[in-house]
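**Q** These are the residues of each chain, in order.
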Amino acid sequence: MNSRVLQFSAHFILIIGVLIMVVPIWIAFASSTHDNVTVITEGMKWGIGDKFFENYNEVLNRKGGFSQEITATSMFINSFIMAFGIATVKVIISAMSAYAIVYFRFRLATPIFWLIFITLLVPLEVRILPSYQIVSDLNLTNSYTGLVLPLVASATATFFFRQFYMSVPDELLEAAKLDGANSWKFFVDFLLPLSKTMIAAMFIFMFVYGYSQYLWPLIMTTDEKYWTVVMGMKIIFQESYEGGNLPRVAERFSYIILSMIPPVLVVVFLQRWFIKGLIQTEK
Amino acid sequence: MSFLNLENVTKIYPNGTKAVNETSLSISEGELMVFVGPSGCGKSTLLRMIAGLEDITDGEIKLDNRVINKVDPSERDVAMVFQNYALYPHMNVFKNLSYGLKNKGESKEEIEKKVNEVAELLEIKEFLQRKPGQLSGGQRQRVAMGRAIVRNPKAFLFDEPLSNLDAKLRGQVRIEIKKLQKQMGVTSVFVTHDQVEAMTLGDRLAVINEGVIEQVGSPIEVYENPATYFVAEFIGTPQMNFVNGEIKSNQFVSKGFSCPLTSNMSDQEVIFGIRPENLKVNPNGNITIKVDLIEKLGADSIIYGYDKSNNYICYRENGNTKIQSGEEITLEIEEGIYHLFDKETKKRLN
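The listed protein sequences derive, respectively, from chains U and C. Sequential numbering of the first sequence, starting at 371, is according to my numbering. Sequential numbering of the second sequence, starting at 16, is according to my numbering.
FYI, nobody ran anything at the bench for these hints, they're computed from the structure. Treat the hints with caution; some may be incorrect.
Unchecked claim - Think about it this way: if two alpha-carbon atoms lie no more than 35 Å apart in a straight line, the pair counts; the simulated DSBU-like pairs of lysine-lysine are: (1) C:33 x U:547; (2) U:547 x C:193; (3) U:547 x C:129; (4) C:146 x U:555.
Unchecked claim - Pair by pair, the computed Cβ-Cβ distance ranges are: (5) U:391 x C:140: 48 to 58 Å; (6) C:85 x U:480: 22 to 32 Å; (7) U:458 x C:151: 52 to 62 Å; (8) C:80 x U:554: 46 to 56 Å; (9) C:310 x U:554: 32 to 42 Å.
Cβ coordinates follow ideal geometry from the N, Cα and C atoms, glycine included.
All chains should be built: construct the whole structure from the sequences, respecting the hints.
**A** Given below as structure tokens:
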């Protein structure tokens with residue numbers, strides 16, 4: 371009896387949580403399928419309308435910006451390149467630097483680690499001017515390299531990889547040494563496969579981090595060709611109010627829904643590794 | 016013929032700790048040498064130096080007439096079985112066994128053939144596709160052995176490989192290892208702190224204490240003629256009884272009892288040692304003890320008591336003893352079976 375009450379209240383709380391998460395998204399989605407006029411005059415909608423294809427087609431393919439040359443699709447591609455680049459390079463660099471710190475007993479390894487760790491205290495926003503200066507001196511403004519490169523060093527990921535490597539038993543390294551694994555092989559054949567759930571987790575975090583960058587691409591890019599989705603959100607908001615036209619509210623919702631899809635996909639795909647790592651204890 | 020040869024091998028850690036001190040030892044081909052000693056005595060360090068996992072501060076290690084001091088661990092032609100097996104958790108058993116061969120650049124067919132042979136030998140064929148996490152302790156132990164065997168090394172190195180197994184399995188695996196080693200005839204070094212393992216497995220033992228080999232010899236030699244006080248104390252359960260006293264006109268005299276000696280000894284202060292099984296009840300014996308505690312193990316009974324000068328004496332009797340706690344019994348020392356150690360140098364005198 372008691373356990374049923376407990377189960378019921380637990381589910382009740384969980385269902386409320388789910389509703390809080392899902393309802394706004396549902397309203398945004400439902401509203402995005404109506405006519406702009408309907409949404410403005412009647413407010414946000416709970417039910418699905420009949421303008422789904424028109425609105426989404428319009429958002430994805432209508433040319434906008436000052437030059438009237440870019441579309442939301444191109445912004446999605448830019449955002450994907452930026453987020454994917456940041457996440458991939460971050461994971462690789464962090465895994466390798468953690469490997470160096472943990473396994474190579476060079477002098478000052480620990481101070482160097484803490485130096486890396488301290489950079490957590492200096493987020494991009496704080497060092498945005500010097501970062502911009504460097505990128506601009508290297509002529510990397512308005513390029514994918516410029517979008518990705520200054521964001522690829524990660525103290526967080528280095529820290530997590532370091533903690534994981536330190537938990538790997540020494541005997542594993544010794545056995546591998548006897549089996550003729552050099553330091554590169556040990557990294558590729560042992561540490562990377564052992565930390566694949568870790569890599570998946572880091573990749574998700576870093577992808578979302580890269581995807582949601584706003585300030586850096588805003589400063590970095592003057593060429594519309596390199597605009598990203600998050601920047602586009604501001605632009606579509608401006609455009610929908612300025613110019614005396616009727617605000618295209620429904621299309622705005624379509625854009626928001628679309629912008630959520632890539633990070634959701636990344637999470638959905640990599641989640642399998644996550645759960646695998648949780649239920650399979652390989653030690 | 017010496018096959019694995021250690022010459023004045025010394026290990027000093029960067030913080031100044033001397034783990035192994037000028038140790039020399041020669042192991043012949045096909046022999047199973049056991050390093051036994053208390054934890055922290057340097058036995059594992061010595062083994063790891065042979066494996067190449069620790070640098071050698073000084074001295075020389077030769078395997079099959081080749082100095083291997085500076086040779087990379089993978090090229091020393093040795094294979095090691097680790098205490099916790101150190102199986103590769105993300106690889107299945109087949110890959111665990113074949114990883115070393117793959118790194119040596121052997122062909123796929125060759126690898127498959129060798130792995131299958133070893134798997135058959137160790138009866139782990141049906142597990143080849145499983146991961147170590149899905150195996151039991153005993154099976155993992157076999158895989159660890161297999162990984163060593165498959166490389167066909169000149170020497171096996173075992174670093175306390177049985178200490179993670181439960182008591183029953185330990186006995187079985189011990190016998191298996193011994194059989195396998197004899198069957199394959201590969202020179203082996205086995206490190207353990209367990210004296211039963213040491214006595215049963217070894218062709219010879221090296222008893223190590225504080226980085227120094229105290230004695231090398233066959234298990235029975237070491238048991239019957241311990242070269243130092245430490246060896247006498249370390250080998251044998253229950254422990255040997257020790258009584259301080261002196262030799263006076265070829266007779267050992269202590270406060271509690273005296274015992275005539277069978278060999279001629281000069282007068283001096285000594286430690287007198289006697290194993291519990293070399294005592295027997297005899298009303299006309301040398302030592303009278305007041306029984307304090309009795310342990311009945313089934314096959315034998317261990318009886319502890321105090322002699323007249325409060326030395327704690329242990330005596331072993333076969334079967335279920337009738338002696339009661341609190342009783343006084345008199346024990347006779349079996350003629351000639353005693354051990355005398357110098358009080359200062361702790362070396363054996365007789």
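**Q** Give a verdict on every hint.
**A** Checked hints:
{"no.": "1", "hint": "C:33 x U:547", "in the structure": "holds, 25 Å"}
{"no.": "2", "hint": "U:547 x C:193", "in the structure": "holds, 26 Å"}
{"no.": "3", "hint": "U:547 x C:129", "in the structure": "holds, 21 Å"}
{"no.": "4", "hint": "C:146 x U:555", "in the structure": "holds, 20 Å"}
{"no.": "5", "hint": "U:391 x C:140: 48 to 58 Å", "in the structure": "holds, 51 Å"}
{"no.": "6", "hint": "C:85 x U:480: 22 to 32 Å", "in the structure": "holds, 29 Å"}
{"no.": "7", "hint": "U:458 x C:151: 52 to 62 Å", "in the structure": "violated, 40 Å"}
{"no.": "8", "hint": "C:80 x U:554: 46 to 56 Å", "in the structure": "violated, 33 Å"}
{"no.": "9", "hint": "C:310 x U:554: 32 to 42 Å", "in the structure": "violated, 57 Å"}
Of the numbered hints given earlier, the model fails hints 7, 8 and 9; all others are met.
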